[in-house]
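Enquirer: The chain contents come next:
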Amino acid sequence: MSAEEAALVKRCLRGDEPAVRLLVDRFQGDIFGLCLRMLHNRHDAEDVTQEVFLRIFRSLRRWDSTRPLKPWILGIAVNRCRTWMVQRARRPETVDYLHETATTPAADDSSELVREIQAAVGELRPEYLSVFVLFHEYGQPYEDIAAALDRPVGTIKTWLHRARQEVLERLQRRGMVASPEPLTEDEL
Amino acid sequence: MSYERDEAMTCSECHDLLQSQLDGVSDGARAVLDEHLAECPQCREWHAAVRVLEEGLRLLPRPAPPAELAEHLTGRLMADFRSRRRWRMSAAAGAALAASMLLAVLASGWLKPNAVDPWPVTPDANQSIAGKPSPIEGIREGQPPTLPLAVAQAVEGITERITTEAVTPARELLPEALPMPTLGSARLFDETLDPAAAPLREARQGMSAGLEPMTTSARRAVELLLRDLPPMDADPKTGT
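As given, the protein sequences belong to chains A and B, one line each in that order.
Residue numbering for the first sequence follows the working numbering, starting at 35 and increasing by one per position.
Residue numbering for the second sequence follows the working numbering, starting at 7 and increasing by one per position.
Just so you know, not all the hints are guaranteed correct.
[Stated by the list, open to error] Partner residues are not named here, just some residues of chain A that face chain B (Cβ under 10 Å, in silico): (1) Ser36; (2) Ala37; (3) Ala41; (4) Val43; (5) Asp59; (6) Cys69; (7) Thr83; (8) Leu88; (9) His195; (10) Met210.
[Said to hold, decoys possible] Derived list of chain A stretches under chain B, where covered just means 3 residues or more per stretch with a C-beta under 8 Å from a C-beta of chain B: (11) 50-58; (12) 145-154.
I should point out that these hints are in silico values taken from the structure, not numbers from a laboratory.
From a predicted model like this one, the values you see are computed outputs, not experimental measurements.
Virtual Cβ for every residue (Gly too), placed ideally from N, Cα, C.
Produce the entire structure from the sequences given, and follow the hints as far as they go.
Expert: What follows is the structure in C-alpha cells.
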C-alpha cells in the first residue's frame, strides 16, 4: 500500500474521472488476464472484468488503506470468476461455448509447451487454478494470496503444491518431459 | 531444510525441495539433492518435469485486454457513480419528507396533556399490556417524572412551535384585539371567527377528519414506544 494509492482511491470516491481512468489503466490488465485464465473465454473475461471493476468501486470505501490494493482487487476478481463459472456451468450451451480459444500463442517454437501448460492449468479446479495463476503469473506472495482469498497461508501452500503436482503429472502424461538419463560422475 | 552429508534424502524430501525451488527459494541442499537424483529415476523424472514447467512459465504470455476496454470501463463506472449519487440524494430527500410528515401528524396536538381532544381515547386504549401503568396516565396523575416525560415534553415543544408558525399567518383573518389562540383553546376558532373567515373553520374540520386515522394510529404507536422506554431510575443492566 502507499500514500499515492490511498490518495488515488480518495479521488475515485469523489467521482474524479481522471482518477477513475488511472485506476482502470493500472489494474485492467491484471484483472482481465486473471479472468481469461480462469474462464478460458475472452467475451466472458471482458464481461467479468467490468463486473469486477463495478464491485471494486462500489466497495472501495471498505478497503483497508493499511493493506495493499492489488491483492484486495485480485481477490474480488477471483471470487467473481468463481461465481461466473458456477452460473455458466448451469447453461446447456457451455460445451460449445468453451471451445472458443482463450489462449494467446507464444512468440517462438515453444508454443506447444505453452499450450500444454495452459491446458494443464485450465483443467485445475478453481481454487488451485486461482492460486497457481496468482503466484506464477502475477508474482503474488503467499501472504497476499492468502489475504485475497481469505484463507490461511498453509492452505494456500497446500493448494499451490497440489496444483503444481497435477500440472507436472499432465506434462509427463503428454510426453512433454523427456526421460532423463542418470547424472554422470562429472555432472555430480 | 538442511542435511548432514551422511544423511540420505528421501523421495518425499526431494519433492519438498523441488517445491521450494518452484517457490523461488534457494536451498543449500543442492549436493544432497543431486546425490538422490543420481540414485532415484522417479525423482529424476520429476526434477526434469519441474525444469520444463519453469521454462514454460517463463514463456507464458500475459493476455492483453482489448484496446477500447479501459475507455469503456471508465464510462461505465462514471455512469454508475452518478446513478448511485442521485439515488442517495433521493433517499435523503425522502427521509426528510417522511420526518416532516411525522411532525405534522404530531402537531395535530395529541401529545399535549391539556389539549381538548374531540376524539377522546377510550379507557381500554390507555391500558398497557401486562398491567403496567401507561406513561401517559402517569403524567396526567402527577406521578414521579420518568424518561418518557422528557421525550413527551421535547416533542410537545417541537409541535407547539410548528403549530404556532402555521397559525400566525391566519391571525390576519381574525378580528383585532383578539388573544393569540393556543392549542389549549381549540374551540376559540369556533367562537370568534369572523363569518368571512368561516372557510378556515371548515378547512380545519376537514383536515381534522382526514387526519383522524393517522392521529389515532400515531397516538397508539407513540404510546407503545413510550411504554417500552425504561424509567430514569431503572437499573442500566437489567432495565428494571
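Enquirer: Does each hint hold? Answer for all of them.
Expert: Tested hints:
1. Interface restraint check: Ser36 (chain A) against chain B, minimum CB-CB distance 22 Å, threshold 10 Å, status violated.
2. Checking Ala37 (chain A) against chain B by beta carbon gives a least distance of about 23 Å; that is not within 10 Å, so the hint is violated.
3. Given hint, Ala41 (chain A) at the interface with chain B, is violated; its Cβ is 18 Å from that chain's nearest Cβ, farther than 10 Å.
4. About 13 Å separates the beta-carbon of Val43 (chain A) from the nearest beta-carbon of chain B, more than 10 Å, and the hint is not met.
5. The restraint placing Asp59 (chain A) at the interface with chain B holds, with a minimum CB-CB distance near 6 Å, inside the 10 Å limit.
6. The beta carbon of Cys69 (chain A) is positioned within 10 Å of a beta carbon in chain B (closest approach about 9 Å), and the interface hint is therefore held.
7. Below 10 Å, beta-carbon pairs count as interface contacts, and Thr83 (chain A) has one with chain B at about 7 Å; its hint therefore holds.
8. A least Cβ separation of about 6 Å between Leu88 (chain A) and chain B falls short of the 10 Å threshold, and the interface hint therefore holds.
9. Using the Cβ-Cβ criterion of 10 Å, the hint placing His195 (chain A) at the interface with chain B is satisfied: the shortest such distance is roughly 5 Å.
10. Taken as an interface hint, Met210 (chain A) checks out: its beta carbon lies about 6 Å from the nearest beta carbon of chain B, inside 10 Å.
11. A stretch counts as covered by a chain when three or more of its residues have a beta carbon under 8 Å from one of that chain; for the segment 50-58 of chain A and chain B the count is 4, and the coverage holds.
12. Chain B is given as covering the segment 145-154 of chain A, and this holds because 5 residues of the stretch bring a CB closer than 8 Å to a CB of that chain, at least three being needed.
Consistency note: the structure conflicts with the earlier hints numbered 1, 2, 3 and 4.
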